[in-house]
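**Student:** Read top to bottom, the protein sequences are chains X and A.
Residue numbers in the first sequence follow UniProt numbering, run continuously in steps of one, and reach 466 at the last position.
Residue numbers in the second sequence follow UniProt numbering, run continuously in steps of one, and reach 466 at the last position.
By construction, these hints were calculated from the structure, which means they are not laboratory data.
Careful, some of the hints might be misleading.
[Said to hold, decoys possible] Some chain X residues close to chain A (C-beta under 7 Å, calculated; not the full set):
{"no.": "1", "residue": "D63"}
{"no.": "2", "residue": "K345"}
{"no.": "3", "residue": "C347"}
{"no.": "4", "residue": "L437"}
[Claimed, not checked] Reference listing, derived: stretches of chain X covered by chain A, where coverage requires no fewer than 3 residues with Cβ under 8 Å from a Cβ of chain A:
{"no.": "5", "stretch": "49–55"}
{"no.": "6", "stretch": "303–317"}
{"no.": "7", "stretch": "410–422"}
{"no.": "8", "stretch": "441–447"}
[What the hints assert, rightly or not] Covered stretches of chain X (chain A as the covering partner; in silico rule of three or more C-beta atoms under 8 Å from a C-beta of chain A):
{"no.": "9", "stretch": "64–70"}
{"no.": "10", "stretch": "381–392"}
Just so you know, even glycine gets a beta-carbon here, dropped at the ideal spot from N, CA and C.
Residues per chain, in single letters:
There are 2 protein chains.
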Amino acid sequence: MSMSRTSRTKERLVVIGGDAAGMSAASQARRLKGPAELEIVAFERGHFTSYSACGIPYWVGGDVAERDQLIARTPEEHRARGIGLRIRTEVTEIDAEGARVRSRDLASGAESWTSYDKLVIATGARPVRPELPGVDAPGVHGVQTLDDGQALLDTLAATRGRRAVVVGAGYIGVEMAEALINRGYEVTVVNRSKEPMATLDPDMGRLVHKAMEGLGITMVNDAEVTGLPTGDDGRVRAVATEDAEYPADVVVLGIGVRPETTLAQAAGLPLGEHHGLLTDLAMRVRGHENIWAGGDCVEVLDLVSGSERHIPLGTHANKHGQVIGANVGGGYATFPGVVGTAVSKVCDLEIARTGLREKDARRAGLQFEAVTVESTSRAGYYPGADPMTVKMLAERRTGRLLGVQIVGGEGAGKRVDIAAVALTAGMTVEQMTALDLGYAPPFSPVWDPILVAARKAVAAVRANGV
Amino acid sequence: MSMSRTSRTKERLVVIGGDAAGMSAASQARRLKGPAELEIVAFERGHFTSYSACGIPYWVGGDVAERDQLIARTPEEHRARGIGLRIRTEVTEIDAEGARVRSRDLASGAESWTSYDKLVIATGARPVRPELPGVDAPGVHGVQTLDDGQALLDTLAATRGRRAVVVGAGYIGVEMAEALINRGYEVTVVNRSKEPMATLDPDMGRLVHKAMEGLGITMVNDAEVTGLPTGDDGRVRAVATEDAEYPADVVVLGIGVRPETTLAQAAGLPLGEHHGLLTDLAMRVRGHENIWAGGDCVEVLDLVSGSERHIPLGTHANKHGQVIGANVGGGYATFPGVVGTAVSKVCDLEIARTGLREKDARRAGLQFEAVTVESTSRAGYYPGADPMTVKMLAERRTGRLLGVQIVGGEGAGKRVDIAAVALTAGMTVEQMTALDLGYAPPFSPVWDPILVAARKAVAAVRANGV
Numbered sequence: 001m002s003m004s005r006t007s008r009t010k011e012r013l014v015v016i017g018g019d020a021a022g023m024s025a026a027s028q029a030r031r032l033k034g035p036a037e038l039e040i041v042a043f044e045r046g047h048f049t050s051y052s053a054c055g056i057p058y059w060v061g062g063d064v065a066e067r068d069q070l071i072a073r074t075p076e077e078h079r080a081r082g083i084g085l086r087i088r089t090e091v092t093e094i095d096a097e098g099a100r101v102r103s104r105d106l107a108s109g110a111e112s113w114t115s116y117d118k119l120v121i122a123t124g125a126r127p128v129r130p131e132l133p134g135v136d137a138p139g140v141h142g143v144q145t146l147d148d149g150q151a152l153l154d155t156l157a158a159t160r161g162r163r164a165v166v167v168g169a170g171y172i173g174v175e176m177a178e179a180l181i182n183r184g185y186e187v188t189v190v191n192r193s194k195e196p197m198a199t200l201d202p203d204m205g206r207l208v209h210k211a212m213e214g215l216g217i218t219m220v221n222d223a224e225v226t227g228l229p230t231g232d233d234g235r236v237r238a239v240a241t242e243d244a245e246y247p248a249d250v251v252v253l254g255i256g257v258r259p260e261t262t263l264a265q266a267a268g269l270p271l272g273e274h275h276g277l278l279t280d281l282a283m284r285v286r287g288h289e290n291i292w293a294g295g296d297c298v299e300v301l302d303l304v305s306g307s308e309r310h311i312p313l314g315t316h317a318n319k320h321g322q323v324i325g326a327n328v329g330g331g332y333a334t335f336p337g338v339v340g341t342a343v344s345k346v347c348d349l350e351i352a353r354t355g356l357r358e359k360d361a362r363r364a365g366l367q368f369e370a371v372t373v374e375s376t377s378r379a380g381y382y383p384g385a386d387p388m389t390v391k392m393l394a395e396r397r398t399g400r401l402l403g404v405q406i407v408g409g410e411g412a413g414k415r416v417d418i419a420a421v422a423l424t425a426g427m428t429v430e431q432m433t434a435l436d437l438g439y440a441p442p443f444s445p446v447w448d449p450i451l452v453a454a455r456k457a458v459a460a461v462r463a464n465g466v
Numbered sequence: 001m002s003m004s005r006t007s008r009t010k011e012r013l014v015v016i017g018g019d020a021a022g023m024s025a026a027s028q029a030r031r032l033k034g035p036a037e038l039e040i041v042a043f044e045r046g047h048f049t050s051y052s053a054c055g056i057p058y059w060v061g062g063d064v065a066e067r068d069q070l071i072a073r074t075p076e077e078h079r080a081r082g083i084g085l086r087i088r089t090e091v092t093e094i095d096a097e098g099a100r101v102r103s104r105d106l107a108s109g110a111e112s113w114t115s116y117d118k119l120v121i122a123t124g125a126r127p128v129r130p131e132l133p134g135v136d137a138p139g140v141h142g143v144q145t146l147d148d149g150q151a152l153l154d155t156l157a158a159t160r161g162r163r164a165v166v167v168g169a170g171y172i173g174v175e176m177a178e179a180l181i182n183r184g185y186e187v188t189v190v191n192r193s194k195e196p197m198a199t200l201d202p203d204m205g206r207l208v209h210k211a212m213e214g215l216g217i218t219m220v221n222d223a224e225v226t227g228l229p230t231g232d233d234g235r236v237r238a239v240a241t242e243d244a245e246y247p248a249d250v251v252v253l254g255i256g257v258r259p260e261t262t263l264a265q266a267a268g269l270p271l272g273e274h275h276g277l278l279t280d281l282a283m284r285v286r287g288h289e290n291i292w293a294g295g296d297c298v299e300v301l302d303l304v305s306g307s308e309r310h311i312p313l314g315t316h317a318n319k320h321g322q323v324i325g326a327n328v329g330g331g332y333a334t335f336p337g338v339v340g341t342a343v344s345k346v347c348d349l350e351i352a353r354t355g356l357r358e359k360d361a362r363r364a365g366l367q368f369e370a371v372t373v374e375s376t377s378r379a380g381y382y383p384g385a386d387p388m389t390v391k392m393l394a395e396r397r398t399g400r401l402l403g404v405q406i407v408g409g410e411g412a413g414k415r416v417d418i419a420a421v422a423l424t425a426g427m428t429v430e431q432m433t434a435l436d437l438g439y440a441p442p443f444s445p446v447w448d449p450i451l452v453a454a455r456k457a458v459a460a461v462r463a464n465g466v
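In isolation and in its complexed conformation, chain X is listed as follows (with noise of 0.2 Å):
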């Protein structure tokens, strides 16, 4: 089968892509124009549409009972709107010029082009496999997609062993290993880092490091893995490092991930450095009149470092999906970049960065000063009253805020969007000084700890205002 243009007499929107981005384009697209005025075509390779990825970790640890909890809008659903979907249909080729696509179904192997008139790709990330003796035995298992999830959940049912290796310390490195601790596996953790979440500065990764062996994970940070040893029945047995062999029942990789983006790049669409596509503000590909990016598969702005991320991250996939949809069905809007905010939790450890870490500062050319403080995330006095550890930074001279980066409680991470908001705005840390936050003891000691860091951070500009 195969649909021209020349058939047509409306316009046809193509995506690439079923899961947030691409679905929220065409749901966004199909609010503003009608079946009459605009075919919705939308290929998606796997069985699900629209579903949270991030919650596959709670999903495994049993916080979320069901896979079906964690989609948001099923194939049919929407079918039910008005897109056009076919699930188990990749997308093989992009002819830019011949403004089509092809695709290949992959029950029948059958394959046909679909030409568009407007095409948003979002193909998404995929995760780093490394190229390691054993990366492929039974028992090694990634959590990218729900059928990995699926097919670790059946791992754990069917292994009697309780001895799980975490590979990488990243935010789904640290989210498996508390999963792991809830299904009541020994859990190790090996990460090349110098410390876990190296999305922190290590000054505070070594918080997390501490808080993580408190709750009995084995750290084995500063080691690259270099194979998984495997038994005579061909499972994994362990994980090997220069050093060592950490005997492992189960594997899971969390090692991250990279925008995929082997289409595009065949397709001759314009890639940043970090293998993303590049768009403009309004999410549309650069040089591309009637081609769309968004989500996993492209590169962000930072606003405040001034150059290009990836940030594979749900919230963001939704934000581009949204503002595609409303360029592409004749509307208008922008996602003006990002500030690299993020947050999560290991048990009952709260983690949470923004903006710049030290090394992103000198990377993009900053000279700053950084604070630490510690507070507790209530009034020292009432009931919870946890520990946290506020790390800002502010530029030199000017004080405008940098970064933020958070670790304690309960209650600490989501302080994160005083500083991203902060961070969107420009602000200064003396300004910051004066904001006018929430305050009762069940919510925040009376100097809410991001104020306490704004005054210290206040005073190391002062002191080396120069």
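We have chain X already, so just place chain A on it with the hints.
**Tutor:** Chain A in isolation, oriented as in the chain X frame:
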């Protein structure tokens, strides 16, 4: 005894009031200038200094075990830091022309004059105590000071009956309702407004009303208290309104406070329409070169409406004290104003607001769109995803954020800080839709409820864009 300026070679700072604003000012001034340069004399008519009045409901409710946990710094600690503190000593007159204050030792009754080079007025607020029959009867309590809290606890310990009536349903009223519920009382709240929490719009107050009823609290709204009938023993036995009598073994008055500016008024210092002292941005009393004022006795500039308000809140008082201390100590700092942020809770229900309510906006001459959204504090599939309602006001045409109100479960309240920073920065609701807020399933839906509200507000502003 009398201290006159002629006998001194160094500057003298006199502080009236030993709680947050006064003692923060004294402490900050002391940090900047040692005893050889600056003498500091502080007068406090009570027994305590630097305590958290905001914590009293939690002490009464049993969340905080000991009174002394609410005391951040004792008189002895202040004295050890070089502050000449006189407790149980009431200032009875300010002679602004003569640059001196008259004080009375409450134990001996002895009076004396103390001259000053610089004066800080931090006389706080006094509770509104309506002139009602029975208001001074045993069993009727305010909760303004630590002494009030102790007196209430003594009454609760001595009273066999379990019926408590709280008069007033503002922050103190709802917090005291929670405290008494926690103590096992049958609680009735009698409130003159249409709904509790009149610091919210009535539609949001209604959510608080329903939630409090769900906690077993009897809510009597729109009711004017006419008297506090007493029994044969002289103790309060009920709260009477025009329509009914509510039997009471104990009555707590939570009707609010007014600036305590009797001394300032007698001295001819400038007061505003809320009877609070008027200062410049450095917290200097307007027209008086050597007098500063801060805390609950001053009016503050509302940055959203552009007019003065009286907001008695420990977090402002502490900031005022810091600013005053910097300025009287030879440094420089300002308090630019507030946006009116407040957060509270009643059991598991969190209540927050910032910026303008509908009636505030009208009073300020602003036209606006108001939208309300229902969402959850975490991803919908994550355990503990509690409902939360967000109301947002945006200025007509410009789309500038004017205010946010939140009622919801755990994690809802402190989200108001996002709006507080956005208000301070003068953001539009359209700008807010792109905010890079922390997202992970345990912390937020993929669209934070604040972003959902902002998107709806954008649509409302656009729809009425004329």
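**Student:** Please count how many residues of the stretch 64–70 of chain X have a CB within 8 Å of a CB from chain A and say whether that reaches 3.
**Tutor:** Since three or more residues must qualify, the claim that chain A covers the stretch 64–70 of chain X holds, with 3 doing so at under 8 Å.
**Student:** Hint X/D63 vs chain A: min CB-CB distance below 7 Å?
**Tutor:** With Cβ-Cβ at 5 Å, under 7 Å, it holds.
**Student:** The stretch 381–392 of chain X covered by chain A? Criterion: 3 or more residues, Cβ-Cβ distance below 8 Å.
**Tutor:** It holds: at least three residues are needed, and the stretch 381–392 of chain X offers 3 whose Cβ sits within less than 8 Å of chain A.
**Student:** In terms of beta carbon proximity below 8 Å, does the stretch 441–447 of chain X have 3 or more residues touching chain A?
**Tutor:** holds (count 6)
**Student:** At least three residues with a C-beta closer than 8 Å to a C-beta of chain A: is that true for the stretch 410–422 of chain X?
**Tutor:** Answer holds; 10 residues pass the 8 Å Cβ test.
**Student:** Against chain A, is X/L437 within 7 Å by beta-carbon distance?
**Tutor:** holds (5 Å)
**Student:** For the hint on X/K345, does the least C-beta distance to chain A fall short of 7 Å?
**Tutor:** holds (6 Å)
**Student:** Taking the least C-beta to C-beta distance, is X/C347 closer than 7 Å to chain A?
**Tutor:** Hint on X/C347: violated, closest Cβ of chain A at ~11 Å, above 7 Å.
**Student:** Are there three or more residues in the stretch 49–55 of chain X whose C-beta lies closer than 8 Å to some C-beta of chain A?
**Tutor:** holds (count 3)
**Student:** Between the stretch 303–317 of chain X and chain A, are there enough contacts, at least three residues with CB-CB distance under 8 Å, for the coverage claim to hold?
**Tutor:** Since three or more residues must qualify, the claim that chain A covers the stretch 303–317 of chain X holds, with 4 doing so at under 8 Å.
Checked against the numbered hints above, the structure breaks only hint 3 and satisfies the rest.
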